[in-house]
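Colleague: Based on these hints, arrange chain B on the given structure of chain A.
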Amino acid sequence: MNRRSFIKACSTIAVASMIDPSVFSNLISAQEGMFRAYKKAILLKEDGSPLTEEDLKPHTNYIFFYPYASTPCYIINLGEEVKPVEVTLKNGKKYNWQGGVGSKKSIVAYSAICAHQWSYPTKKYSFINYYPPDKPSEVTKKAGIIQCCAHLALYDPREGARVIDGPADFPLASVVIQEEGGKFYAIGILGVDQFDKFFDNYRKELREAYGTTAKAKELVESCKVMEVSKYVGQVIYC
Amino acid sequence: MSVSRRDLFKLAGVGAIAAGLSSKPTFAAAEKVGKMEAMLPPPKGNRVVICGGGWAGLTVAKYLKKENPNIDVVLIEKRPNFFSCPISNPWLAGLVSLDFISHDYNQPAAKYGYRFINGLVVGIERDRKRVYTNYGYIEYNYLVLAPGIRYNYSAWFKDDKEMTNYTKINYPAAFIPGSEHLALKRKIEEFEKGDFIITVPPGAYRCPPAPYERACMIAEVFKRNKVDGRVIILDPKPDIAPKGPGFRAAYEQVYLGLVEYVPNATIKEVDPVNKVIKTTAGDFKFTDANLVPPHQAGSLVWMADLIAKDKEGKPTGWADQDPLTFQAKADPNVFLLGDVISGVPYPKSGHIANSQGKIVAKIIAGRIAGKEVKPTLPDNTCYSMVNGSPQEAIVINVTYEYDEKEKKINPKPRTINDRSKALADATYEWARAMYKDMFS
Chain A
388 MNRRSFIKAC
398 STIAVASMID
408 PSVFSNLISA
418 QEGMFRAYKK
428 AILLKEDGSP
438 LTEEDLKPHT
448 NYIFFYPYAS
458 TPCYIINLGE
468 EVKPVEVTLK
478 NGKKYNWQGG
488 VGSKKSIVAY
498 SAICAHQWSY
508 PTKKYSFINY
518 YPPDKPSEVT
528 KKAGIIQCCA
538 HLALYDPREG
548 ARVIDGPADF
558 PLASVVIQEE
568 GGKFYAIGIL
578 GVDQFDKFFD
588 NYRKELREAY
598 GTTAKAKELV
608 ESCKVMEVSK
618 YVGQVIYC
Chain B
38 MSVSRRDLFK
48 LAGVGAIAAG
58 LSSKPTFAAA
68 EKVGKMEAML
78 PPPKGNRVVI
88 CGGGWAGLTV
98 AKYLKKENPN
108 IDVVLIEKRP
118 NFFSCPISNP
128 WLAGLVSLDF
138 ISHDYNQPAA
148 KYGYRFINGL
158 VVGIERDRKR
168 VYTNYGYIEY
178 NYLVLAPGIR
188 YNYSAWFKDD
198 KEMTNYTKIN
208 YPAAFIPGSE
218 HLALKRKIEE
228 FEKGDFIITV
238 PPGAYRCPPA
248 PYERACMIAE
258 VFKRNKVDGR
268 VIILDPKPDI
278 APKGPGFRAA
288 YEQVYLGLVE
298 YVPNATIKEV
308 DPVNKVIKTT
318 AGDFKFTDAN
328 LVPPHQAGSL
338 VWMADLIAKD
348 KEGKPTGWAD
358 QDPLTFQAKA
368 DPNVFLLGDV
378 ISGVPYPKSG
388 HIANSQGKIV
398 AKIIAGRIAG
408 KEVKPTLPDN
418 TCYSMVNGSP
428 QEAIVINVTY
438 EYDEKEKKIN
448 PKPRTINDRS
458 KALADATYEW
468 ARAMYKDMFS
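From first to last, the protein sequence lines are chains A and B.
Here the working numbering = 1-based position in the first sequence + 387.
Here the working numbering = 1-based position in the second sequence + 37.
One chain only, chain A, in its complex shape (with noise of 0.2 Å):
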């Protein structure tokens, strides 16, 4: 093992301590390699405080940035239970989706690169939305779906993101959120990620957002929970 390595390896051992040691060891042992554990980061409000249950309006779009500075995700609360389903990647590879936490197991968050073409929530536009029950696509008529509309990739978010229909060929990647005394935590990534794709993509408009791209892929320690409204300018839906 060289010193890289070693650092590396400690480095996965100082985050895994930080979870709730049987959450880790049910994901590690049921997923073959599909989650990776990032630094446990606390979910908060606008104003520094915790985020709690009772913040995530239902069917409203949160985004937040995990597990690195510049990586979009989002947290939708479904309104009802979401049950834990087994994901089944066109390669034929599975994994056991987590389903909703809270209260009411109707909270679910995923990464918000699209996975087909990585389109992703900027300060300027998202084109890849939740589309609320009472809302659906113009084009596709579909509602309670994530849907980019760059290419019309649409995601299922009551069963781990799975791929509906559309160009994508992976599952939006899955948060993997615990809840502690009715406090909300990030812990990692279930699925198939797209970060280092994004990160390939979208250096030049990542420099320009975040000055560096160390910065932009700096692993955050807490993430601001807001409606995407408030973040981007125009909230693109079709």
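Among the clues, some could well be false.
As the list claims (entries may be wrong) - No more than 20 Å apart at the CA atoms, straight line, and that leaves these computed lysine to any residue pairs for SDA-like:
{"no.": "1", "chain 1": "A", "residue 1": "Lys584", "chain 2": "B", "residue 2": "Arg469"}
{"no.": "2", "chain 1": "A", "residue 1": "Lys511", "chain 2": "B", "residue 2": "Lys458"}
{"no.": "3", "chain 1": "B", "residue 1": "Lys198", "chain 2": "A", "residue 2": "Thr600"}
{"no.": "4", "chain 1": "A", "residue 1": "Lys528", "chain 2": "B", "residue 2": "Arg469"}
{"no.": "5", "chain 1": "B", "residue 1": "Lys473", "chain 2": "A", "residue 2": "Lys528"}
Keep in mind that the hints were calculated from the coordinates and are not lab data.
Modeller: This is chain B only, laid out in the frame that chain A set:
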């Protein structure tokens, strides 16, 4: 170089004739190219040669290397740089810069490790598995032909080459990227007064909504320049399709008096010198025009003798490939994709070519690994800009389902004909993401 430009034209012609007569398009021209020296050593492992660096070819090249970095992938493209046909209409109206739609081939070739050759394919010998270029020949294990379209001016002018050349130069179709687009942009910017005609090609053609979108974008320039003129669309179809209501609304609400749509206008005669087009809907005189002749599969498919035939044995003009795997029906080592294909309900669009490229990359990589990959179906999304100020667009999205029983691919189209700024923004996001997929 042992093949001159003149030989090239001869070769293309021979290929076209041969396609109708024989399964071996060799003859004198092929003998000539046969004397060429190899420009690359024989492949050590499996080599896939891709002819055509458009939306399909670029995607196959990248995704083949991603599937299996050990495959020797060679992409041959005659243009030195990439100019995107999608979004070229908004570019005509000055809504986006040339930079936005131009890209270099070096970046993806360097990043994904495929070989890019900026050269011209002058011959294909399928029995020897060779592609001849102006730099020499290359041997392949698998060949991908994605050359896009060529114009069929002979439908208008038969063998009159003078008239063909006159029309090409004076009234460029601008459906094949490059100089033609620059010329069209100059023409509409300089247009002062009168009728500007756009002809919609009959049958299958590249980018079905393009002529209708182009009419909007040209009208936008006329509006901005306060031109006392009209854009007249001569369409052989009985109505605008796809996105008909969306285009009609734009013509009636945004560009009232600036765009006139003429349905059922099948061209009987084109006289570019006297500037008259005779159609089944009447005769039209024009001040200037964007004369778009019928389209066919690009010359490489003719050269490879892989054009489909109709019941009478006449070439249909489009490639003869399996609808699901894109494999040439006559040759298991050749794949045909993008705008050249036929027998499938797919439009000839950039999006679907990209989508097909990913499917074919998986199939070829699978073959090389000794596995038969079950093909998936492509998808298509196509935005059209129908207003330039403020920018507003409409969209069609199509997914496809395979009916195993009927052995048929069924399209599931979904359209938004209500133009909006949100869709205009989405248009550019669509393009940005596509360019990122192919180039970075």
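Colleague: Each hint needs a verdict: does it hold in this structure or not?
Modeller: Okay, the hints, checked on the actual structure:
1. Distance restraint check for lysine 584/A and arginine 469/B: the Cα-Cα separation of roughly 14 Å lies within the 20 Å cut-off, and the hinted pair is therefore satisfied.
2. For a cut-off of 20 Å, the pair hint linking lysine 511/A to lysine 458/B stands: about 14 Å separates their Cα positions.
3. A distance of roughly 57 Å separates the Cα atoms of lysine 198/B and threonine 600/A; the hinted pair therefore is violated under the 20 Å criterion.
4. Annotation: proposed proximity of lysine 528/A to arginine 469/B is violated, straight-line Cα distance about 25 Å (limit 20 Å).
5. Taking the CA atoms of lysine 473/B and lysine 528/A, the gap is near 28 Å; set against the 20 Å cutoff, the hint is violated.
Hints 3, 4 and 5 from the list above are not met by this structure, while the remaining hints are.
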